[in-house]
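Student: These protein sequences, in sequence, are chains A, B, C and D. Under our numbering, the first residue of the first sequence is numbered 1, with each subsequent residue one higher. Under our numbering, the first residue of the second sequence is numbered 1, with each subsequent residue one higher. Under our numbering, the first residue of the third sequence is numbered 1, with each subsequent residue one higher. Under our numbering, the first residue of the fourth sequence is numbered 1, with each subsequent residue one higher.
If you are wondering where the hints come from, they were derived from the structure by calculation, not from laboratory data. Take every hint as true, because none was put in to throw you off.
Note: identical chains are not told apart, hence a pair may lie in one copy or across any two.
Quick list of in silico lysine to aspartate or glutamate cross-link-like pairs, EDC-like style, CA-CA up to 20 Å:
(1) Lys119 <-> Glu70
(2) Lys31 <-> Asp76
(3) Lys20 <-> Glu54
(4) Lys2 <-> Asp76
(5) Lys119 <-> Asp96
(6) Lys125 <-> Glu18
(7) Lys119 <-> Glu67
(8) Lys53 <-> Asp76
(9) Lys2 <-> Glu70
(10) Lys2 <-> Glu67
(11) Lys119 <-> Glu130
(12) Lys53 <-> Glu70
(13) Lys53 <-> Glu18
(14) Lys125 <-> Glu136
(15) Lys2 <-> Glu24
Number of protein chains: 4
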Amino acid sequence: MKQVSVIGGSQISPFSDEYKFAYEVGKLLAKNNCVVVCGGRTGIMEAVCRGAKEEGGLTIGIMPSYEGSEANQYVDIKINTGLSWNRNPIIVASGDPVIAIGGNYGTLSEIAYSFILGKTILGYKTHNIEGIIKIEKPEDVLRYL
Amino acid sequence: MKQVSVIGGSQISPFSDEYKFAYEVGKLLAKNNCVVVCGGRTGIMEAVCRGAKEEGGLTIGIMPSYEGSEANQYVDIKINTGLSWNRNPIIVASGDPVIAIGGNYGTLSEIAYSFILGKTILGYKTHNIEGIIKIEKPEDVLRYL
Amino acid sequence: MKQVSVIGGSQISPFSDEYKFAYEVGKLLAKNNCVVVCGGRTGIMEAVCRGAKEEGGLTIGIMPSYEGSEANQYVDIKINTGLSWNRNPIIVASGDPVIAIGGNYGTLSEIAYSFILGKTILGYKTHNIEGIIKIEKPEDVLRYL
Amino acid sequence: MKQVSVIGGSQISPFSDEYKFAYEVGKLLAKNNCVVVCGGRTGIMEAVCRGAKEEGGLTIGIMPSYEGSEANQYVDIKINTGLSWNRNPIIVASGDPVIAIGGNYGTLSEIAYSFILGKTILGYKTHNIEGIIKIEKPEDVLRYL
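Given only the sequences and the hints, what does the whole structure look like? Please build it.
Tutor: Shown next, in the form of structure tokens:
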């Protein structure tokens with residue numbers, strides 16, 4: 001099973017472009033037999049898991065707490081780290097490519113670790129850093145699976 | 001999906017009682033729709049994943065490295081932590097009960113974290129610590145799922 | 001500067017044997033130019049830091065939180081990990097010998113990691129595990145510095 | 001003792017501006033009774049520790065390995081994490097301000113965590129990210145201690 005990491009902001013509105021984009025990416029990943037790995041929480045993480053579940057996919061949440069009770073309802077497998085923010089490198093180490101959608105400083109830390117670990121990074125409305133491959137439509141991820 | 005953690009030695013022989021026990025536990029967990037969470041490597045971890053896969057189950061390896069190339073061939077999902085031995089608490093935080101089979105100091109650290117986190121701990125030929133529920137047959141795990 | 005790790009229970013009373021023992025060990029370590037590394041919190045950790053400070057020693061607390069505000073008042077340097085319980089292996093990796101005084105499951109996890117990492121482990125009224133060198137008087141640590 | 005974190009590239013030449021800058025910052029921090037916290041390795045980390053030691057300061061290395069043998073010769077206290085790259089958030093959580101000098105993706109991850117944790121971030125020839133306070137001379141750090 002191919003694992004793909006999806007990262008992005010937890011605060012993003014369900015009515016935003018970014019949420020819709022992540023949701024469509026989730027559907028595409030599931031249809032293409034990819035497992036979604038993410039931080040398991042709200043915003044982009046919820047969107048991508050929700051999309052994946054609608055197509056019968058499998059979703060993994062790398063959770064900040066030891067209990068995983070903060071997981072969104074579309075997470076199948078909870079990896080409970082107890083590491084708080086320090087879980088971020090695990091999310092990107094566990095998938096390739098890494099797809100960044102929107103996001104703030106947590107996402108920036110994950111992008112940095114993606115570079116450290118030599119991952120392919122696709123970005124939609126995210127940090128503007130050289131080396132990220134900009135994508136415009138959800139379907140653009142298909143070329144990198 | 002219920003997640004169950006299985007811990008034990010990486011050095012254990014495929015011809016040992018402990019390996020056979022772990023293999024049977026893996027089969028039972030899969031038949032009972034439980035996801036196996038383990039350290040993803042050799043010995044007991046290989047045995048339980050192998051059993052689970054023979055019954056069509058799902059197996060998760062919490063890997064020490066960033067690449068996960070040390071995973072045994074029966075691991076479906078590789079969570080690549082880069083944490084080396086420090087990954088151990090994640091294994092037991094991500095399942096309940098925790099089933100300890102044989103094992104050395106790595107297993108001892110996982111048992112300690114299982115107590116810290118309030119898990120039910122079942123043990124077969126493992127460390128003799130008060131609070132571990134001793135089991136004798138693979139089927140004994142069924143009562144705790 | 002030689003670094004020595006001291007581990008033990010956070011709940012221990014200041015009027016207990018264990019507290020007094022840890023306090024005396026702290027004094028001895030400082031007099032012998034050793035830096036105390038510990039978990040930085042209450043109980044045994046407070047006792048050993050307090051003893052060390054009374055003799056002008058240096059104390060390091062490996063803190064569970066990102067802020068370190070839970071440090072006892074005798075900690076000089078706060079290493080703020082944000083790792084919660086997962087900080088335990090760092091405490092024992094950063095000193096040798098490791099001195100275990102009393103303690104519960106947190107201490108057990110640290111003892112396990114001490115074995116994994118090949119440390120010399122001295123124990124006073126702690127877990128009864130083969131390989132721990134039992135000591136009876138604070139002065140007994142001097143032979144292992 | 002006030003703790004200040006210094007981050008930057010491990011590959012930087014001893015003949016570069018950045019190395020000289022870090023060395024001078026190390027001297028200033030020591031003269032102002034600040035403890036230097038860094039990643040303990042080569043390049044900027046070596047430079048700042050070297051400067052600090054020439055003025056009798058105290059230096060802490062948050063090491064990637066369990067043994068700390070990769071520490072530069074100017075590190076006084078080795079915190080051996082075994083966390084590899086995942087140690088980065090600990091470096092910035094353990095000091096304030098955070099001073100970034102040059103640097104690549106490791107430094108970017110540390111800058112991201114500095115923002116997450118609400119640190120004051122000073123930067124010299126480093127990543128161009130809004131919110132970093134640009135400094136031009138080593139003495140500029142004095143205003144933030």
